[in-house]
Amino acid sequence: MDFTLSKKHEMARTLFRDFAQNEVKPLAQEVDETECFPRETVEKMAKSGFLGIPVPKEYGGQGCDPLTYAMCVEELSKVCGTTGVIVSAHTSLCVDPIQTYGTEEQKQKYLPDLCSGKKLGAFGLTEPGAGTDAQGQQTKAVLDGDEWVLNGSKCFITNGKEADVYIVIAVTGIVEKKGRPFKEISAFIVDKGTPGFTFGTKEKKMGIRGSSTYELIFTDCRIPKENLLGQKGKGFAIAMHTLDGGRIGIAAQALGIAAGALEATINYVKERKQFGRSIAQFQNTQFQLADMATKVEAARNLVYKAAMKKAQYQIDHKTSYGVEAAMAKLYAAEVAMEVTTKAVQLHGGYGYIREYDVERMMRDAKITEIYEGTSEVQRMVISADLLK
Amino acid sequence: MKIIVCIKQVPDTKGGVKFNPDGTLDRGAMLTIMNPDDKAGLEAALRIKDETGAEVTVITMGLPKAEDVLREAMAMGADKGILVTDRVLGGADTWATSTTLAGAIRNLEYDLIITGRQAIDGDTAQVGPQISEHLNIPVISYAEDIKVEGNSVIVKRQYEDRYHMVKAQMPCLITALAELNEPRYMTPGGIFDACDAEITVWGRANLVDVDDSNLGLKGSPTKIAKASDKVRKGSGEKVTLDPAEAVDYIVGKLKDKHVI
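Note that the protein sequences, when read in sequence, are chains A and B.
In terms of the working numbering, the first sequence opens at residue 1 and continues consecutively.
In terms of the working numbering, the second sequence opens at residue 1 and continues consecutively.
Heads up, none of these hints are tricks.
Below, simulated DSSO-like cross-link-like pairs (lysine-lysine); rule was C-alpha separation at most 27 Å, straight line: (1) Lys225(A) x Lys161(A); (2) Lys107(A) x Lys118(A); (3) Lys233(B) x Lys273(A); (4) Lys80(B) x Lys7(A); (5) Lys107(A) x Lys192(A); (6) Lys118(A) x Lys49(B); (7) Lys47(A) x Lys2(B); (8) Lys7(A) x Lys14(B); (9) Lys147(B) x Lys44(A); (10) Lys273(A) x Lys238(B); (11) Lys80(B) x Lys57(A); (12) Lys57(A) x Lys49(B); (13) Lys161(A) x Lys44(A); (14) Lys7(A) x Lys25(A); (15) Lys366(A) x Lys161(A); (16) Lys44(A) x Lys49(B); (17) Lys7(A) x Lys295(A); (18) Lys47(A) x Lys147(B); (19) Lys14(B) x Lys44(A); (20) Lys14(B) x Lys270(A); (21) Lys80(B) x Lys44(A); (22) Lys192(A) x Lys118(A); (23) Lys177(A) x Lys232(A); (24) Lys7(A) x Lys65(B); (25) Lys233(B) x Lys270(A); (26) Lys14(B) x Lys273(A); (27) Lys80(B) x Lys47(A); (28) Lys2(B) x Lys57(A); (29) Lys18(B) x Lys270(A); (30) Lys118(A) x Lys44(A); (31) Lys47(A) x Lys107(A); (32) Lys305(A) x Lys57(A); (33) Lys25(A) x Lys14(B); (34) Lys140(A) x Lys161(A); (35) Lys7(A) x Lys18(B); (36) Lys238(B) x Lys270(A); (37) Lys80(B) x Lys147(B); (38) Lys388(A) x Lys309(A); (39) Lys57(A) x Lys318(A); (40) Lys49(B) x Lys47(A).
In case anyone wonders, no lab produced these hints; they're calculated from the structure.
Hey, can you work out the whole structure from these sequences and the hints?
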């Protein structure tokens with residue numbers, strides 16, 4: 001077992017770190033304060049190939065692996081949680097399902113533009129009455145001639161109004177399983193600008209405030225028959241499998257936020273003086289930092305392991321990584337919350353002031369315990385595997 | 001069109017500078033980066049490649065670990081990398097370096113050679129022009145803008161208070177300023193390809209038309225008497241005085257030092 005990163009991954013980390021420091025960090029506070037989507041940063045990331053990292057070159061991607069992608073989200077999130085989730089939602093929740101379940105025509109049509117950043121992706125599963133309980137879906141899709149007609153709405157959609165391509169989950173019928181009626185769920189690709197597809201209000205959030213979170217509304221929205229993604233009736237499996245991958249992205253985001261808060265705190269405690277010496281010289285500070293760093297490193301190992309198992313899946317199409325992804329997300333999200341809270345505490349009063357990055361990081365961390373499956377859902381996934 | 005870009009791995013001055021007992025830099029012990037002027041030269045070459053499909057070859061002389069800077073250049077978009085490394089080449093000053101690079105370049109076809117104006121570790125600005133002398137081709141130094149027109153280049157050459165527009169027929173050599181452009185980032189896919197790519201490694205035996213007496217430390221006319229890192233300033237002196245006293249105090253200090 002080798003914990004050494006390859007030369008490729010070391011170089012990629014240097015790239016992501018330099019980019020994050022030079023292009024993302026200077027804007028992070030303003031993006032949070034003004035709740036503005038960082039469009040220019042997204043364009044720069046697109047130019048540098050960050051929007052198609054784990055996609056084969058034949059579809060316009062970078063031909064790298066899920067670990068490289070996770071490292072990208074980690075490094076971006078170290079300085080800006082908003083920027084991290086933009087890449088994560090785009091890559092894990094839109095690009096990945098098209099790459100995994102799309103027909104050759106769909107891949108050729110969508111992936112090059114998504115990988116080059118000409119188009120941004122989003123994913124619509126959650127509804128007002130269906131978050132964790134995906135079977136509670138109300139959005140319907142009815143086949144009418146050569147078109148699917150979508151009606152319903154999706155809420156809390158990341159990259160909401162800024163995206164161009166949306167993976168939308170909808171009910172396409174009722175089927176009987178073990179004598180009981182079940183909703184048949186399918187997945188669709190919906191383009192922005194399709195008549196009948198509009199947006200609700202923008203959500204005002206606690207953290208990741210520059211991320212564009214909107215409600216998607218479908219009113220007799222007609223999309224071509226060929227925009228069905230995967231087989232009809234397989235939408236629930238597609239959504240769940242997509243979220244398995246998405247959790248690696250969010251785990252990487254949580255890891256990045258925690259690591260960023262740790263870095264900021266290390267710098268701060270060396271400078272801050274109390275009782276005539278730096279607070280880094282107090283044993284309480286040292287022990288807190290040791291605990292924070294240990295947990296960040298443990299989270300990193302879980303995240304990288306999940307990413308490496310997904311890489312194996314992409315080769316053999318057999319290796320499962322859902323449990324590892326759930327563990328990584330559960331742990332990294334809770335570490336993000338704990339480490340950012342301690343970071344604020346070690347900053348004292350300044351940690352509560354918006355001028356200091358850890359204040360934003362603590363607010364950004366909270367969502368990682370909630371979206372793409374709450375921590376409770378991750379525990380359900382992990383325990384279901386233990387008890388099967 | 002074929003472009004050769006000479007790049008150098010230099011100490012990252014943010015990480016501190018370390019010296020060998022003979023006064024030369026201990027390159028193995030320092031964090032390194034691609035020299036900023038060279039990076040701008042590489043970016044200029046890559047922009048010409050974007051426009052014309054030119055082939056860009058990067059070349060460096062250094063320790064085996066200088067291979068890293070070649071891979072970085074290839075991850076940005078350079079097509080080929082050549083490392084010139086040999087124990088007999090160690091300790092080279094600008095003369096021995098330019099002799100070595102010219103000897104290596106004589107193996108290659110080229111229309112344009114781009115070097116950085118100067119490296120942040122030596123700040124001599126001599127290697128580029130010297131290479132052009134060795135190869136007997138024109139040099140345009142201090143380029144802040146480069147355009148290719150047919151088989152000529154048109155270069156905006158920076159001066160302190162003005163600029164020159166210089167046109168030269170290729171093959172020629174241009175030395176680039178860091179202000180020339182904003183170098184692109186590597187791409188993740190470029191990194192993966194660059195790490196899989198083969199780097200050509202040349203030693204003394206591959207150098208064409210060079211004399212041993214012009215190589216390495218022995219072939220370097222420059223003798224280093226003493227080398228030092230940037231002088232660190234002390235913490236200064238703090239005094240607490242009211243404004244009127246403070247003015248008198250400062251003026252007194254300036255007089256003591258014969259500043260006023």
